[in-house]
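Work out the full structure, taking the sequences as your base and the hints as a guide.
Number of protein chains: 2
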Amino acid sequence: ADVENGRKLARQCSACHGKFGLSKDPEVPNLAGQPSLYLEKSLKDYRDGAREDRRMTLISEPLTDDDVRDLAAWFASIEFNVVTPD
Amino acid sequence: ADVENGRKLARQCSACHGKFGLSKDPEVPNLAGQPSLYLEKSLKDYRDGAREDRRMTLISEPLTDDDVRDLAAWFASIEFNVVTPD
Chain A
1 ADVENGRKLA RQCSACHGKF GLSKDPEVPN LAGQPSLYLE KSLKDYRDGA REDRRMTLIS
61 EPLTDDDVRD LAAWFASIEF NVVTPD
Chain B
1 ADVENGRKLA RQCSACHGKF GLSKDPEVPN LAGQPSLYLE KSLKDYRDGA REDRRMTLIS
61 EPLTDDDVRD LAAWFASIEF NVVTPD
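Sequence order for the protein chains is A and B. Here the numbering used here is used: position 10 in the first sequence is 10, and no number is missing along the way. Here the numbering used here is used: position 84 in the second sequence is 84, and no number is missing along the way.
There's no promise every hint is true.
Which copy is meant is left open, because identical chains are indistinguishable; a pair holds if it fits in one copy or across any two.
Unchecked claim - Each computed SDA-like pair below joins lysine to any residue, with the alpha-carbon atoms no more than 20 Å apart:
#, residue 1, residue 2
1, K44, M56
2, K41, E52
3, K41, L63
4, K24, P85
5, K8, D86
6, K8, V83
7, K44, R54
8, K8, P85
For the record, the hints were derived by calculation from the structure and aren't laboratory data. Predicted model only: the values in this text are computed from it and were never measured.
Structure below.
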């Protein structure tokens with residue numbers, strides 16, 4: 001996968017998912033650090049109609065499998081840490 | 001929402017999603033710090049059939065709306081920070 005290409009493609013995602021995958025909308029998930037296989041499946045499900053969302057169905061429609069792989073690799077590459085609750 | 005109740009209910013999620021929402025399976029998303037509205041919608045979509053997954057459909061089936069709200073509040077409460085890429 002080409003993470004840099006994914007990063008460029010991800011510009012169209014940043015309005016809702018944030019520049020580095022930190023969501024700006026309580027109905028929109030964070031993408032930072034999500035496993036790439038899960039991200040690939042989600043994108044393909046939106047693109048192929050197994051999953052529906054007004055915005056995601058539109059945005060995913062033109063994506064090729066390579067685009068999906070690169071986008072997933074980019075967001076999966078973003079490092080994050082979790083503060084373990086007591 | 002009752003975060004403590006959500007934490008108890010989340011024991012059944014930890015096998016795949018990890019004790020604190022850090023996924024143990026490349027096909028399974030992290031839940032730590034995800035916005036609660038998104039988590040609520042996902043759980044209800046699995047429970048009500050708008051979204052399908054072998055494991056999630058089974059696990060979400062018995063959940064009440066209160067269970068869904070508490071589970072979402074628990075995972076959303078886990079602090080999540082992104083390390084901004086260069």
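Hints and how they fare:
1. In this assembly of identical chains, the alpha carbons of K44 and M56 lie at most 20 Å apart whether taken from the same copy (10 Å) or from different copies (18 Å).
2. In the homo-oligomer, the alpha carbons of K41 and E52 lie at most 20 Å apart both inside one protomer (13 Å) and across protomers (12 Å), since each shortest distance falls under that limit.
3. In the homo-oligomer, the alpha carbons of K41 and L63 lie at most 20 Å apart inside one protomer (13 Å), although the nearest pairing across protomers, at 25 Å, exceeds that limit.
4. In this assembly of identical chains, K24 and P85 lie within 20 Å of each other by CA distance solely across copies; the values are 18 Å between and 23 Å within a copy.
5. Proximity of K8 and D86 under a CA criterion of 20 Å is satisfied inter-copy only: 14 Å between copies versus 39 Å inside one chain copy.
6. Taking the shortest Cα distances, K8 and V83 sit within 20 Å of each other only across copies (19 Å), while inside one copy they are farther apart (30 Å).
7. With identical chains, the CA atoms of K44 and R54 are at most 20 Å apart both within one copy (15 Å) and between copies (17 Å).
8. For the homomeric pair K8 and P85, the shortest alpha-carbon distance between copies (13 Å) is at most 20 Å, but the shortest distance inside one copy (35 Å) is not.
Violated hints: none; the structure is consistent with every hint.
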